[in-house]
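Participant: If you want the building blocks of each chain, they are given just below.
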Amino acid sequence: MNTITWLGAILLLLMVLIGGKNGVRSFISLFLNFGVLFIAMFFMLSPTVNPILITFIASILIGCINLFYINEVNRKTVTAFLSTMITICILLFFIVIVSETLMIQGFGEEETEALSGLSLYIGVDFIKIGVSVIIMSTIGAVMDVAISIASSMHEMFRNNPAISKKELFASGVHIGRDILGTDTNTLFFAFFGGYLALLIWFKDLHYSFGDIINSKIFSSELALILCAGTGIALVIPITAWINVYDLFRKKKAVEQE
Amino acid sequence: MNGFLTNRNKPGRKQISFYTVLFICFIVSILFVNHNYSFYDRPIAKVVQANLMEETNITDPVQNKDILYKQQLVAVLQNGEEKGQSIQLVNEYSASGAFDQEYNVGNELFVLLEKDPAGTIKSPAIILDVKRDKYVVLLAWIFIFALLIVGKRQGLFAIASFVINVLILSFALDLYVKHSAVNLLVVCGICILLFTAISLLFVSGFTEKTYAAIVATLLGTFASLAITFAIIWLTSGNGLRYEEMQFVTRPYKIVFMGGLFIGSLGAIMDVAITMSSSLFALYERNPDISFQAIKKSGREIGRDIMGTITNILFFAYISGSIPMLILFLRNASALGYTLSMNLSLEIARALAGGIGIVLTIPIGLYTTLFFIKRKKAGV
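Chains as they are written, first to last, in my numbering: chain A, 1 to 257; chain B, 258 to 636.
Just so you know, not all the hints are guaranteed correct.
[What the hints assert, rightly or not] Taking lysine-lysine pairs in the DSSO-like style, the calculated list, with each CA pair at most 30 Å apart, reads: (1) Lys-435(B) <-> Lys-203(A); (2) Lys-166(A) <-> Lys-252(A); (3) Lys-252(A) <-> Lys-165(A); (4) Lys-327(B) <-> Lys-391(B); (5) Lys-340(B) <-> Lys-372(B); (6) Lys-391(B) <-> Lys-303(B); (7) Lys-250(A) <-> Lys-166(A); (8) Lys-271(B) <-> Lys-166(A); (9) Lys-21(A) <-> Lys-553(B); (10) Lys-203(A) <-> Lys-391(B); (11) Lys-271(B) <-> Lys-165(A); (12) Lys-327(B) <-> Lys-303(B); (13) Lys-409(B) <-> Lys-166(A); (14) Lys-303(B) <-> Lys-340(B); (15) Lys-552(B) <-> Lys-21(A); (16) Lys-409(B) <-> Lys-165(A); (17) Lys-327(B) <-> Lys-379(B); (18) Lys-510(B) <-> Lys-203(A).
[Stated by the list, open to error] Listed below are several chain B residues computed to face chain A (Cβ distance under 7 Å; list not exhaustive): (19) Asn-321; (20) Lys-322; (21) Ser-351; (22) Ser-353; (23) Arg-389; (24) Asp-390; (25) Leu-396; (26) Leu-404; (27) Phe-419; (28) Gly-515; (29) Met-563; (30) Leu-586; (31) Gly-611.
[Claimed, not checked] Using C-beta positions, here's what the derived DEER-type ranges look like: (32) Asn-2(A) <-> Phe-275(B): 51 to 61 Å; (33) Gln-342(B) <-> Leu-61(A): 49 to 59 Å; (34) Asn-2(A) <-> Lys-633(B): 40 to 50 Å; (35) Ile-212(A) <-> Ile-287(B): 18 to 28 Å; (36) Asn-159(A) <-> Glu-557(B): 12 to 22 Å; (37) Ile-212(A) <-> Ser-295(B): 12 to 22 Å; (38) Lys-327(B) <-> Leu-61(A): 36 to 46 Å; (39) Ile-406(B) <-> Glu-255(A): 29 to 39 Å; (40) Lys-327(B) <-> Phe-42(A): 30 to 40 Å.
Derived from the structure by calculation, the hints contain no laboratory data. Just so you know, these numbers come straight off a predicted model, no measurement behind them. Heads up, the beta-carbon is just placed ideally off N, CA and C, and yes, glycines get one too.
Full structure from sequences and hints, please.
Facilitator: See the structure below:
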């Protein structure tokens with residue numbers, strides 16, 4: 001057995017020991033998510049298919065797996081799902097503009113060594129693939145924020161049915177703020193960890209501040225972090241608003257009966 | 258700090274002055290990056306004219322079809338002795354743009370000027386890179402404003418802890434690079450102590466629950482690292498393709514381990530602070546609650562967050578490999594080879610992070626219980 005199988009086995013064991021049935025589900029969802037990413041990548045191999053469309057479809061599938069399979073289909077998960085998809089759509093437009101103006105698609109000159117011997121003229125649109133990478137990196141965190149806000153707002157509304165629209169919205173945003181800090185932290189450190197080698201490279205080769213900030217590889221990493229943070233901030237008011245709308249529509253329907 | 262950035266209806270004086278200062282910073286920095294040519298040593302040229310010269314359909318050795326373009330550019334130098342002078346540039350780019358791109362009027366480029374003995378610039382000059390700084394700064398401001406508008410105080414704290422952590426990491430790496438006797442893992446270990454303390458103090462202040470979360474994070478990180486180390490040692494890294502690591506100027510195993518160390522830290526902190534703040538909230542709402550009840554709720558909370566946080570980490574790690582995978586597969590590399598070359602380290606990182614997350618649930622639970630017990634005894 002190699003290292004990865006061992007690590008996977010230990011993770012499964014721990015998840016089952018600590019999480020029981022939920023643990024098994026979480027482990028399976030990891031596999032399913034991997035499957036979706038993998039299949040999405042295969043579709044992106046074809047030059048005739050638009051990678052952004054693929055990303056959008058993959059996001060829907062990932063949303064279904066993580067919201068409807070791990071939890072279940074109910075009002076909370078449906079509103080969380082809607083909020084996630086709306087945020088992803090807005091982010092898609094935003095990131096397309098960002099990567100076109102920054103020209104951060106594809107590979108940087110620091111990666112030349114890894115690319116030697118490979119043909120770069122493969123007919124696939126790398127700008128769109130770059131957009132897809134950013135969306136996929138962020139979607140986990142966006143969903144997490146959406147589901148946390150949706151479930152606490154439902155709780156709030158259930159315990160306190162006389163609450164006003166404004167107060168309910170404020171409570172949703174308030175919960176979102178608490179998660180904002182920790183989730184951006186999770187992503188920041190994940191990216192730092194992944195690019196430790198790059199940072200040491202910059203230091204070792206005495207890049208100046210100007211060289212670093214203008215280099216393709218650094219600006220694309222920074223764009224990834226900044227877009228992810230913006231996405232997490234964006235999903236908070238969207239989820240709060242959708243839940244206010246949904247809960248008050250339900251309240252109105254109940255009152256009319 | 259009372260009322261700072263929190264009172265929505267009546268903006269306090271502090272708040273107004275904060276936003277004024279921020280707005281001034283925004284204007285000044287944008288003006289600066291748009292007029293900072295003289296701060297660069299490398300010549301910068303602004304494209305004023307772009308003409309498409311040629312368009313060629315090509316097929317590479319593995320039958321991929323692409324289009325190659327050649328464009329001729331006229332650009333005006335923005336700095337240096339030749340400021341204001343026009344130069345000719347030639348740019349070749351492909352439709353897929355894996356390594357190149359089309360330039361349009363208004364783009365600013367770093368160029369390499371070669372002069373003949375008479376001192377005139379050789380034509381065409383060579384394009385080195387794009388000047389991206391002004392867009393990077395603009396994007397950073399969009400991020401800052403989004404976090405501040407939505408997150409108010411928490412947004413500000415998230416930005417502050419991010420900036421401080423980046424500075425610490427940069428300083429630590431400087432030390433490491435200058436003094437090669439220092440072990441990277443020691444540097445990372447110290448960084449982790451600082452990152453954890455700073456980030457968690459920013460998230461929830463100087464409270465018992467923060468201390469519990471700090472202790473739980475450190476225990477969780479070191480426990481998961483010990484397990485990962487042991488596994489890599491026992492299997493002698495079989496299946497990990499270190500060759501795929503890029504930008505390696507140092508012993509790659511150590512660099513990988515250091516990255517692993519830092520990468521899962523954020524997720525582990527997330528688990529630790531969620532556990533400790535929700536359990537402390539339970540205790541504060543009802544100080545007579547039994548430890549048995551707290552344990553039960555702790556397990557429930559842990560089960561709920563385990564899956565989502567592992568998924569966040571998983572997506573953040575794996576997605577980055579997509580462009581390389583596509584490039585390999587379009588170059589007719591075998592699937593198994595492509596996957597093991599490009600994904601083995603990312604998957605190992607994600608799994609190690611997952612182990613850390615799951616381990617931190619019981620660790621966080623018992624650490625928080627210990628702190629609650631201590632508080633109870635103190636009362």
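Participant: Taking the hints in turn, state whether each one holds.
Facilitator: Outcome of the hint check:
no. : hint                                  : in the structure
1   : Lys-435(B) <-> Lys-203(A)             : holds, 9 Å
2   : Lys-166(A) <-> Lys-252(A)             : holds, 16 Å
3   : Lys-252(A) <-> Lys-165(A)             : holds, 12 Å
4   : Lys-327(B) <-> Lys-391(B)             : holds, 27 Å
5   : Lys-340(B) <-> Lys-372(B)             : holds, 15 Å
6   : Lys-391(B) <-> Lys-303(B)             : holds, 14 Å
7   : Lys-250(A) <-> Lys-166(A)             : holds, 16 Å
8   : Lys-271(B) <-> Lys-166(A)             : holds, 25 Å
9   : Lys-21(A) <-> Lys-553(B)              : holds, 15 Å
10  : Lys-203(A) <-> Lys-391(B)             : holds, 23 Å
11  : Lys-271(B) <-> Lys-165(A)             : holds, 29 Å
12  : Lys-327(B) <-> Lys-303(B)             : holds, 18 Å
13  : Lys-409(B) <-> Lys-166(A)             : holds, 17 Å
14  : Lys-303(B) <-> Lys-340(B)             : holds, 11 Å
15  : Lys-552(B) <-> Lys-21(A)              : holds, 18 Å
16  : Lys-409(B) <-> Lys-165(A)             : holds, 20 Å
17  : Lys-327(B) <-> Lys-379(B)             : holds, 19 Å
18  : Lys-510(B) <-> Lys-203(A)             : holds, 18 Å
19  : Asn-321                               : holds, 4 Å
20  : Lys-322                               : holds, 5 Å
21  : Ser-351                               : holds, 5 Å
22  : Ser-353                               : holds, 5 Å
23  : Arg-389                               : holds, 5 Å
24  : Asp-390                               : holds, 5 Å
25  : Leu-396                               : holds, 5 Å
26  : Leu-404                               : holds, 5 Å
27  : Phe-419                               : holds, 6 Å
28  : Gly-515                               : holds, 5 Å
29  : Met-563                               : holds, 5 Å
30  : Leu-586                               : holds, 6 Å
31  : Gly-611                               : holds, 5 Å
32  : Asn-2(A) <-> Phe-275(B): 51 to 61 Å   : holds, 54 Å
33  : Gln-342(B) <-> Leu-61(A): 49 to 59 Å  : holds, 55 Å
34  : Asn-2(A) <-> Lys-633(B): 40 to 50 Å   : holds, 48 Å
35  : Ile-212(A) <-> Ile-287(B): 18 to 28 Å : holds, 20 Å
36  : Asn-159(A) <-> Glu-557(B): 12 to 22 Å : holds, 18 Å
37  : Ile-212(A) <-> Ser-295(B): 12 to 22 Å : holds, 19 Å
38  : Lys-327(B) <-> Leu-61(A): 36 to 46 Å  : holds, 41 Å
39  : Ile-406(B) <-> Glu-255(A): 29 to 39 Å : holds, 34 Å
40  : Lys-327(B) <-> Phe-42(A): 30 to 40 Å  : holds, 33 Å
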